[in-house]
Amino acid sequence: MKNMHSKRVLLLLGLIAAVSAAGCGNQADDNPETELSTSAPEASADEDAVIAEEETSSQTEASLDPITPSDYLVKDVSDYVTLGEITGIPVTQYTYEITDDMVQERVDLEVSAYDEEIEVDRASQEGDVVYIDLTSTVGGDAESEYTESTYITLGDEEYGAEFDQELLGASAGDTLEFSITFGDDIWMEDWMGQTVDFSVDVTSVCEIQSPEYNDTFVSENTEYSTTEEFESALRDTLADEYAETSLMDTVESLFQAVESEAVFAGYPQELYDLCKEETLSFYAAFAGTSDEQEIYDLFGLTEDDMDAEVLTTVNRRLIVSSICEQAGLEVTEEEYTSYVTDYAEYYGYDSAADFEADNTRETLVWSLYETKAGDYLYENADITEEPYSEDEDLSLEDFEIELEAEEDTETAATEET
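Position one of the sequence shown corresponds to residue 1 (our numbering), numbered consecutively onward.
If you are wondering where the hints come from, they were derived from the structure by calculation, not from laboratory data. Quick caveat: nothing in here was measured; it's all calculated off a predicted structure. Careful: at least some of the hints might be erroneous.
As the list claims (entries may be wrong) - In the DSBU-like style, the derived pairs of lysine-lysine whose C-alpha atoms are separated by at most 30 Å in a straight line are:
hint	residue 1	residue 2
1	Lys372	Lys75
2	Lys372	Lys276
3	Lys75	Lys276
My request is simple: use the sequences and hints to build the entire structure.
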């Protein structure tokens, strides 16, 4: 089982630019020819498309129940949190230069989507995919024995370099027996600092064959004709993506600055219960179970971990409610309907109601309010732009110190609440 004891990935549904690499997959023009008619004139194809879109949008919007978004904000929020300044907050916004190496990495990623695995009758080599039946026993404890069918790509070192080395040169039908003593850097929590005995049956060895990247590949698999056109489009895509990343990081920094100056004085129990329900639902979607204890066991969580995570969401919603109250920000029913409708269409839902049901109305309303509050902080911030440099990255030691500081702050905030 993978060690998934980490902070929950936040599902930010605020209007994030989801720009893809502009064109993997041909877009053939297969519209049928339109027959001419001598009867009354019909709407043009463009007009038909507009009418159809309006009808679809109207049907989608009509499927949503009425809503008053302001009902979801925390009432009497000043009883629970007092904010410092929410305007003129100094913040650094990093800008990014799109380099040739970044474009090449994206090209390689796009081309790799067309890689093929070809089973080969030879000993495995670096870069091969090796399919195995793997049995592991930790510390000689028979009760820890675990068997699974899986695969590894030699060179990725998913189970460490020593594991890959053991499988290098193996062929289909081979059975390997070996032991590895792991340090604390293995992602398998049960293997950390343990000696693990392995029995590996190699079922097949596959070679990765990548297509040749040239104008022919581009014209056959994208909407572009040449590698030059394709790479230019990828460069534009990367620029958009990094600009969006820069904006999101800056807004998050502003929220953190507001939270660091905020004074919390409890919370409505209803808000806590709602946030916990949403958090558990998030985990349940991955765990395949809604049983709280099973979720804890599967993700290596404790009740204290869950409480801290829920309080993080509770505090953010208190802050968002307070910002909206002070700044007079409001989400209208029309904005909410448009927001849900757009995302329903983007993700291919049959209706906005289906999308709303899958993501819950509460989560979507809060996401939209957080987007508004973030926009307000950004528009009223004292922003200093600075080119991003890898020198800005924290060292591992600095990162560990920062994490410890965050944990101490969260613990203190929890105790105070």
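Comparing the hints with the structure gives:
Annotation: proposed proximity of Lys372 to Lys75 holds, straight-line Cα distance about 18 Å (limit 30 Å). Between Lys372 and Lys276 the CA atoms are separated by roughly 23 Å; this keeps the pair inside 30 Å, and the hint holds. At roughly 19 Å between alpha-carbon atoms, Lys75 and Lys276 fall within 30 Å of each other, so this suggested pair holds.
Violated hints for the displayed structure: none, as all numbered hints are satisfied.
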